[in-house]
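> Chains A and B are the protein sequences, given in the same order. Take 4 as the starting number for the first sequence in the working numbering and just add one per residue. Take 4 as the starting number for the second sequence in the working numbering and just add one per residue.
Source of the hints: derived by calculation from the structure; they are not laboratory data. Check before you lean on any hint, since a few could be wrong.
Which copy is meant is left open, because identical chains are indistinguishable; a pair holds if it fits in one copy or across any two.
[As the list claims (entries may be wrong)] Once the Cα atoms are required to be at most 20 Å apart in a straight line, the calculated SDA-like pairs of lysine to any residue come out as:
no.	residue 1	residue 2
1	LYS293	CYS45
2	LYS434	ASP467
3	LYS480	ARG491
4	LYS434	ARG463
5	LYS293	LEU110
6	LYS480	ALA490
Protein chains: 2
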Amino acid sequence: MNGAESLVHTLLECGVDTCFANPGTSEMHFVAALDRIPGMRCVLGLFEGVVTGAADGYARMAGKPAATLLHCGPGLANGLANLHNGKRGRTMMVNCVGDQATYHRPLDPPLAADTEGWARGVSGFVRTAKDAADVGGAAAAAVAAAQTSPGHIATLILPSDTCWRDGGIVAEKRPLPPAPRATKETIAEMARLLRNEKDVVLLLGGNALRQQAVADAHAIAAATGCRVLAENFCQRIERGAGRFSVTRVPYSIDHALEVYAGAKHVVRVGAVHPVIFFAYPGKPQTPVPKEARQHVLSLPEGDQPHDLAALAAELGAKSVSPPKTERPKPASGAVASAPIAQSLAALLPDDGIVVDESITFGRAFYPALATAATHDFLQVTGGAIGGGMPLATGAAIYAQISASGRRVINLEADGSAMYTIQSLWTQAREKLDITTVIFSNRKYAILLGEYSAVGANPGRTALDMLDLGNPDLDFVKIAAGMGVEGARATSVDEFNDLFAMANRRKGPFLIDLAC
Amino acid sequence: MNGAESLVHTLLECGVDTCFANPGTSEMHFVAALDRIPGMRCVLGLFEGVVTGAADGYARMAGKPAATLLHCGPGLANGLANLHNGKRGRTMMVNCVGDQATYHRPLDPPLAADTEGWARGVSGFVRTAKDAADVGGAAAAAVAAAQTSPGHIATLILPSDTCWRDGGIVAEKRPLPPAPRATKETIAEMARLLRNEKDVVLLLGGNALRQQAVADAHAIAAATGCRVLAENFCQRIERGAGRFSVTRVPYSIDHALEVYAGAKHVVRVGAVHPVIFFAYPGKPQTPVPKEARQHVLSLPEGDQPHDLAALAAELGAKSVSPPKTERPKPASGAVASAPIAQSLAALLPDDGIVVDESITFGRAFYPALATAATHDFLQVTGGAIGGGMPLATGAAIYAQISASGRRVINLEADGSAMYTIQSLWTQAREKLDITTVIFSNRKYAILLGEYSAVGANPGRTALDMLDLGNPDLDFVKIAAGMGVEGARATSVDEFNDLFAMANRRKGPFLIDLAC
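The following block holds chain A by itself, in its conformation from the complex:
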């Protein structure tokens, strides 16, 4: 057995059976092993940012890691932005990066690059296999690292000779440490705080945003009068009609300050220390009021569902029902964020998976979707643009494998879409049930907003860098060129018709919405 075969057997042994790939020359022994050994579903991406973002989307829905197959340092580099998002979202992923043969790298061939160094900034685990016998064990260690709570990017670098040489050894799945749970003392202390103090915020992140955990948080709120918030960037939120809706801390510092106003205590449940996305001259760096004290019920690596349930029990908090909401009617008229949000809430398919990278235009969407059919809500967690379409692709692969019939709704800003537009081809090839809505406002609207705060009215030079018109992008043509059918909508009514039709279809469809 060669090293590549031991790699494939070990991944399968460890439960990793889906591989997003953009292979190159140095990975041919791995590809040949995948060909000989049944059991691995392989999905090709035409660009590595699609590959890593799709692996993230898959893992968020599957609750287990996918593998990626990347080609040398530059192939890894092309995937780094979405690995950054994955790291910030604490996703599970096992990158297999082919590289120069161990004995060839010292000669500095043209494609040799800083593969390990580039991997480190996004990975909780980096290992370069030493020889064929090392590959299986390293792969099992990588899977275990990826699955160690709360989830990590694990990067395994495979010099080509470690794959082609004989002597591979299949390694067994390693036992995983359980997610650490809050101690009785912590739970008692937080219960005391919630009973005795006013103006307490429960700040949810990670698995605290799954349905039962959110319900427990609201039981605690009903019993104690605390408020419940979610971090700005969340990996996955289970929500929609019949579930509790959690206010997310907004991106903008001014709005975030409003949401936290009056808070005296912030109890973090899987959330990190709140920090503003960028610093601005003269503005605070965190939206949490200075006088507020922060407490931790669960660290991100903790068992948030357990800890919230235990806290609710300690408080004797009775479960409460989420407020009844009414599904709105689709909106009508001219295109704007609020009416599109209303239409999305009206028409979202049951048990859909929403992937939101709608940036400025979509600010009304999250609140409005509280009244939509039940859905999972996924975000680009690290702020690296170009995460949405790959996330949608990977989530849809999981929906297809699990035969759940769930449809993915990708809400996508036009500027963001262009970073990883190659996703559409994978969606067509794999016949994925994805409705992509492109919000074509033909500018980097978020930057025009930031610019106006800095430099008055933009002149020609600034507009050249912030305006996406001239020429206008025609996403229907671009999609057609990659095998995805699409249509353009210029009013809310046209959008309603297209969106309802698209969601009834099988396979991908793209709506280019003039905003």
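Chain A is fixed; fit chain B onto it per the hints.
Just chain B now, with coordinates in the frame of chain A:
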């Protein structure tokens, strides 16, 4: 003056007047400064791989660096693959990477990433500005580093507060050390070698591939009987009818071994130690015969044109005329590499700039183009896929700025095109004179070749990762979606007509050639 203003003034002061940009929030003060201070041509790319590859193409033609404007760690990461190509091609470039404010980074906001660490693997110079007063001096140092022979990637990381704070100081252009020249002793020694030994190869790289240097190398060859070869990957070769044609060492190990067969001495002139692109089981790592001795006339950072001229003078080598070649007629019939190569040689516009990322289909092109009209020949120098279209974009920006009327011919494999397809939009926006020919063989042909050497016939899983059909990419539609006109050719005759027509036009045109 704030730090951002001192940056723009310093870049202009140092002769950097073109900026390829994909800005983000943290760069708005820089954008505002560009807007207020005239003199910088700014070119937007919709993806950072376009930005860095275009800056490379610009620098190769302009002989001076462009600036890039990139957004934080993930923006830099998206540009790394083409920075790797630039590093290997020893291009000049000044990256300006906006980043978190100095005092905000310790709070680990979501977009914070390993910006410095990622930059290091591709940069000869990395500096993070400390405060506003540091920006100008750091920028001048970056430009000097970029221009120090043979050319370097210089990366300047600009925390946002170093840009927005007052106290910026404009720095002057720094004097550049001249490229080191071969000593008289080295020249005398190489002359003795060439006079006394048989089977000597002059291996050219870097500026040894400019017209006069190549002519001097051939004068030396005529006087001594040595052979002249070029490295496999060259930054820029001046060639075509009326100039000497230099055989390039082929990519494939077997062919490269044939080219070097019988060599007893290899004299490197700006070339690095020859090494095969990838190691293969049981094959040599360098194409140079074991018994051959290597010598250095010029290191890559040397002054190759001077050193070759001095060596020719030392040898008393008289200048010789390049062989007369006849421009072929366009070919006809079914599409294959050889007839398309013939048609390209027949129809290449005068003084064109050829950017070649045609990979397997284009192996006949380089030799055939020896009889074409004079042209510059640019390659993807580091083997990171996705360099061609951005290089073409940047070279065409230079052609436009210099009002030379030169047209860029981008010969592009379909698989490679998809990594940085967003280039087309910049080409449309800037009305660049580029003819792109996509060689649509609908597979990763290079990988199918490598696979057959490893794993017999590819099965379903392997084909899923190596085959680009299902669905077929329609590049004419994709181009139209980004504002570039195009047409499909299915025979050599159709290609001839489209290629001739495209080259007479102004602005970009794409030909999707069924291969």
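> Hint by hint, which ones does this structure get wrong, listed from lowest number up?
1
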